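Chemist: Per UniProt numbering, the sequence shown runs over residues 1 to 349.
Hints in this document: simulated from the structure, not taken from any laboratory. The structure presented is a predicted model; accordingly, all values stated were derived computationally and were not measured. No false leads were slipped in.
Cross-link-like lysine to aspartate or glutamate pairs, in silico, DMTMM-like; alpha carbons within 25 Å at most:
#1 Lys115 to Asp125
#2 Lys68 to Asp154
#3 Lys69 to Asp154
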Amino acid sequence: MQTRDNSVDILKAIAIFFVLMIHTLASGIEIFQINTVNWYSTIFWGSFVRCAVPLFFMCSGALLLNPKKEITIKKLYTKNIPRIIIALFFWASAYEAFSILIAISNGTFYMSMIKEAIKRILLFDHHFQLYFLHIMIIVYMFLPATRVLCKHLDIKTYKYILVIWSIVTVIYPFIIMIPVFQSIKGVPRQWILNFTYGAIGYTMLGDYMNRYSSKKPKFYTLVFLSGVLITIIGMIYFSNYAPRYRLILWDGASPTVLMMAYGLYGFIKHSPKLVNNLKFTSFSSNISKASFCIFLIHDFFNIIFRAINITINNNAFFMIPAMSILNMLLSFIVYLILRRIPVVKTYLI
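With these hints in hand, go ahead and build the complete structure from the sequences.
Modeler: In structure tokens, the structure reads:
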């Protein structure tokens, strides 16, 4: 049996908490007046945690691209991909049903809601965070090819591929979003690798760092904090002078998000005191195991929070992490219950 990778468990635990924070603060960027304390708090926390989803892809790559792990095409299409599809449609349906229940309780339900809900489910217009499952299906479909590729790459060629990936997925798409470069037309606009497929590059980056990263934690810390700082400054600038462009810095394909993901992954990977701390790794292992379930169900609690008027409005700097911790605790309790149900444990979480 393969032993667990403590660094990956820690990173997954961090990533899922970051996801909860992102979804807790999501409304703040729009509802708070620019240059107020709550607005700055939203910018700070939103920038700090933005690398959550890239971290998940990097962790997936560290595990799935490991040549010691046996993954066959048969297993992918009889086990891995079907499980994701089943979970995708189940939780998409659950969120639609929950919305209908809320409408009933508010007295705003009408029969056409059911028809619209079924239509959204069948046409893949699913609850917003479920996009991650769609991308994971793509990652799994390409896995036989990426596993063979990564297994036989030497370090120089691996670096070259990651540089090209970062250019077409991260750097160039960011550049042509800048107003002065938006006049670029024709085929050059098609050089962009859509993030749906570009996420495969993040999985390769995770595998590369597992094999070849060797710099000291201070270097990775500097890269991470630089990414955070540039993102905060950029968000403030764009919000004041070019609001329509501000959210590009929070996109998963943003250069600063790549810096944060790379830096945080490298810091954890090369921090032996953290990775070898038994109490800490035991805690992070439990959160890591629950992370998929927490990812799927946590927005039920966000919806409930809004319904009972628990919001970040009064003190965003405090309420954003506090509500995220509460959501994490509640979601983890639900996970502990759901994992005891055999079919649910196997197919849905």
